[in-house]
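Same order as they appear, the protein sequences are chains H and Z.
Counting with the numbering used here, you get residues 1 to 149 for the letters of the first sequence.
Counting with the numbering used here, you get residues 150 to 298 for the letters of the second sequence.
No lab work stands behind these hints: they were computed from the structure.
One or more of the hints may lead you astray.
Subject to a maximum C-alpha distance of 25 angstroms in a straight line, what follows is the list of computed DSS-like cross-link-like pairs (lysine-lysine) [said to hold, decoys possible]: (1) H:K76 / Z:K169; (2) H:K125 / Z:K199; (3) H:K76 / Z:K286; (4) Z:K225 / H:K137; (5) H:K130 / Z:K286; (6) H:K137 / Z:K274; (7) Z:K199 / Z:K169.
Here chain Z is said to cover these stretches of chain H; the calculated rule only asks that three of the stretch's residues, wherever they fall, bring their Cβ under 8 angstroms from a Cβ of chain Z [stated by the list, open to error]: (8) 107 to 114; (9) 119 to 126; (10) 130 to 139.
Note that the structure is predicted; figures quoted are calculated from it, not measured.
All C-beta atoms in this analysis are idealised placements derived from N, C-alpha and C, irrespective of residue type, glycine included.
Number of protein chains: 2
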Amino acid sequence: MEEVKTFENICNLLRNRSYKLTPQRQTILQTFLEHVDRHLSAEEVYMLVKNQNPEIGLATVYRTLDILAEIGILLKNDFGDGRSRYEFSRKDEHHHHHHLICLGCGNVSEFDDDLLESLEAVIIKRNQFKILDHDLKFYGYCHECGEGH
Amino acid sequence: MEEVKTFENICNLLRNRSYKLTPQRQTILQTFLEHVDRHLSAEEVYMLVKNQNPEIGLATVYRTLDILAEIGILLKNDFGDGRSRYEFSRKDEHHHHHHLICLGCGNVSEFDDDLLESLEAVIIKRNQFKILDHDLKFYGYCHECGEGH
DNA sequence: GTTGTTGCAAAGTATTTGCACCAAA
DNA sequence: TTTGGTGCAAATACTTTGCAACAAC
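Generate coordinates for the entire structure from the input sequences, incorporating the hints supplied.
Spelled out as structure tokens, the structure:
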């Protein structure tokens with residue numbers, strides 16, 4: 001159904017939506033392709049991107065992140081640290097994964113799960129609530145940080 | 150184990166922690182007792198409280214919400230609308246409920262569930278992650294707003 | 001009388017926006 | 001050449017903090 005998200009495919013996706021393919025956008029995109037497993041804040045992207053292109057402005061980073069999230073290239077997350085974090089979205093993910101957030105080192109790991117599907121059915125029936133999306137986070141300590149706790 | 154959270158009990162809880170029982174704090178507490186089922190932002194609390202005590206400052210509201218959350222009287226929530234929302238915490242809730250957030254009217258309803266307990270066990274084993282807390286939110290449309298969607 | 005608390009205004013942090021200039025198509 | 005994009009600085013929104021006056025204990 002959906003194609004693999006290569007750099008070229010994403011560029012085409014932008015063009016199809018009549019977004020222009022500027023060097024700034026390419027650089028930001030490149031950054032995410034080089035950090036596929038990371039959950040980057042705007043500030044972090046800005047820092048990484050400035051190595052390639054020191055002229056770039058923070059506002060441009062924010063605007064680009066918005067666009068890339070809107071067209072489904074990035075997923076926007078809120079891990080409760082007061083800033084939005086973006087991750088590269090692999091192809092088959094409406095049915096998205098959940099996050100394990102380490103209170104020690106701040107690292108975020110992921111896990112997939114289908115259990116919530118059945119839970120949603122119960123909620124729809126019991127609460128008369130039409131569910132479009134869900135967000136599940138676990139807070140705790142990862143293997144490395146877990147010793148003392 | 151834990152007592153019912155009456156106004157008096159909460160006042161004692163504050164005193165035990167050597168927090169002073171000021172009229173401002175009493176008014177804010179009162180406000181939550183009168184809106185047990187609501188998820189109020191600092192600004193909303195501020196508005197409600199000003200009726201009783203027009204002298205009160207917004208900073209005092211923020212400080213009091215912090216304290217009440219810290220001692221477990223209130224639960225601090227983030228529903229992704231850019232502000233923190235506080236709800237009165239009933240007595241037996243480490244094992245807390247989850248939220249259904251309506252994208253139409255912004256209303257937040259609640260539901261209890263035990264399904265996550267078994268899920269946590271799986272995660273602990275598979276990911277070597279010690280879970281302290283979880284946060285589950287469903288986004289969609291409530292019964293009233295659901296018609297068009 | 002101590003010590004914590006208040007109100008205010010200023011500062012802080014993340015994000016958005018207005019605008020003149022610039023560049024992709 | 002048209003249309004959208006960029007960088008910058010200013011504005012916005014929520015929250016926190018410094019501080020002198022004040023009130024609970």
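Outcome of the hint check:
1. H:K76 / Z:K169: 42 angstroms, violated
2. H:K125 / Z:K199: 40 angstroms, violated
3. H:K76 / Z:K286: Holds, at about 15 angstroms.
4. Z:K225 / H:K137: Holds. K225 (chain Z) to K137 (chain H) sits at ~15 angstroms (cutoff 25 angstroms).
5. H:K130 / Z:K286: 13 angstroms, holds
6. H:K137 / Z:K274: Holds, at roughly 17 angstroms.
7. Z:K199 / Z:K169: Distance of about 20 angstroms is within 25 angstroms: holds.
8. 107 to 114: The restraint on the region 107 to 114 of chain H holds, since 3 of its residues have a Cβ under 8 angstroms from chain Z and three suffice.
9. 119 to 126: holds (count 4)
10. 130 to 139: holds (count 10)
In summary, the structure is inconsistent with hints 1, 2 from the numbered list given earlier, while agreeing with the others.
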